[in-house]
Amino acid sequence: MLASAAHADPDLLQLDVDGNIEYQAASPHNERIFTRQELLAMPVHTIQTSTNWTGSEVWEGPRLIDVLKKAGIRGSSIRVFAYDDYSQEIPVAFIEKYEPILAYRENGRELRLNDFGPLFIIFPRDQYRDELSTISNTRRFVFQVRRIEVK
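Numbering (this note's numbering), first residue to last: 28 to 178.
The hints are simulated quantities; they were obtained by calculation from the structure and are not laboratory data. You may find that some hints are simply not true.
Claimed, not checked - Computed Cβ-Cβ distance ranges for the label pairs, DEER-style: (1) Gln115 x Glu65: 34 to 42 Å; (2) Arg106 x Glu49: 16 to 24 Å; (3) Gly82 x Lys178: 28 to 36 Å; (4) Arg101 x Ser160: 14 to 22 Å; (5) Arg63 x Tyr113: 19 to 27 Å; (6) Pro151 x Ser104: 18 to 26 Å; (7) Thr62 x Ser163: 13 to 21 Å; (8) Val85 x Tyr50: 17 to 25 Å; (9) Ser77 x Asn57: 16 to 24 Å; (10) Gly135 x Glu49: 30 to 38 Å; (11) Ser160 x Asn47: 29 to 37 Å; (12) Ser114 x Ile92: 31 to 39 Å; (13) Ala120 x Thr165: 30 to 38 Å.
Glycine included, C-beta positions come from ideal geometry on N, C-alpha and C.
Using the sequences plus the hints, can you model the full thing?
Shown next, in the form of structure tokens:
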């Protein structure tokens with residue numbers, strides 16, 4: 028039911044970050060909810076790269092590490108959850124090294140749930156092809172991101 032309801036909603040651009048964070052106004056559940064307005068207000072970074080699912084595209088969004096820092100990250104890894112229940116763990120050191128973005132636009136077009144959105148973790152794969160094209164690292168290109176748990 029969530030997937031069909033989510034698919035019908037054209038504006039899902041929101042991100043829940045929970046777990047090992049120290050956000051000042053964290054809810055009783057120790058989570059930080061980034062609204063559409065907050066995500067769009069963050070500095071926009073651009074990565075032009077290909078993925079396993081696309082050719083070379085221009086992706087835009089905030090740096091993932093900036094979002095995590097704003098949430099008050101205290102852990103050494105994160106687990107990213109997608110709307111289709113896929114999840115993937117990513118070490119914070121890996122994020123700091125490769126500086127992925129949480130893309131909400133592809134070639135100037137806002138991402139929708141049926142085309143990788145609302146958020147897609149994009150690494151600069153073409154810049155670091157040898158390192159980021161491995162099977163284990165390709166799994167870290169998570170699309171349809173809805174939640175991040177800090178471990």
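Consistency of the hints with the structure:
1. Gln115 x Glu65: 34 to 42 Å: Since the Cβ atoms of Gln115 and Glu65 sit about 24 Å apart, the hinted range of 34 to 42 Å is violated.
2. Arg106 x Glu49: 16 to 24 Å: holds, 18 Å
3. Gly82 x Lys178: 28 to 36 Å: holds, 34 Å
4. Arg101 x Ser160: 14 to 22 Å: With Cβ atoms ~31 Å apart, the hint is violated.
5. Arg63 x Tyr113: 19 to 27 Å: holds, 22 Å
6. Pro151 x Ser104: 18 to 26 Å: holds, 20 Å
7. Thr62 x Ser163: 13 to 21 Å: 33 Å Cβ-Cβ, so the 13 to 21 Å window is violated.
8. Val85 x Tyr50: 17 to 25 Å: For Val85 and Tyr50 the Cβ distance comes to about 31 Å; the hint is violated.
9. Ser77 x Asn57: 16 to 24 Å: 37 Å Cβ-Cβ, so the 16 to 24 Å window is violated.
10. Gly135 x Glu49: 30 to 38 Å: holds, 36 Å
11. Ser160 x Asn47: 29 to 37 Å: holds, 30 Å
12. Ser114 x Ile92: 31 to 39 Å: violated, 19 Å
13. Ala120 x Thr165: 30 to 38 Å: violated, 18 Å
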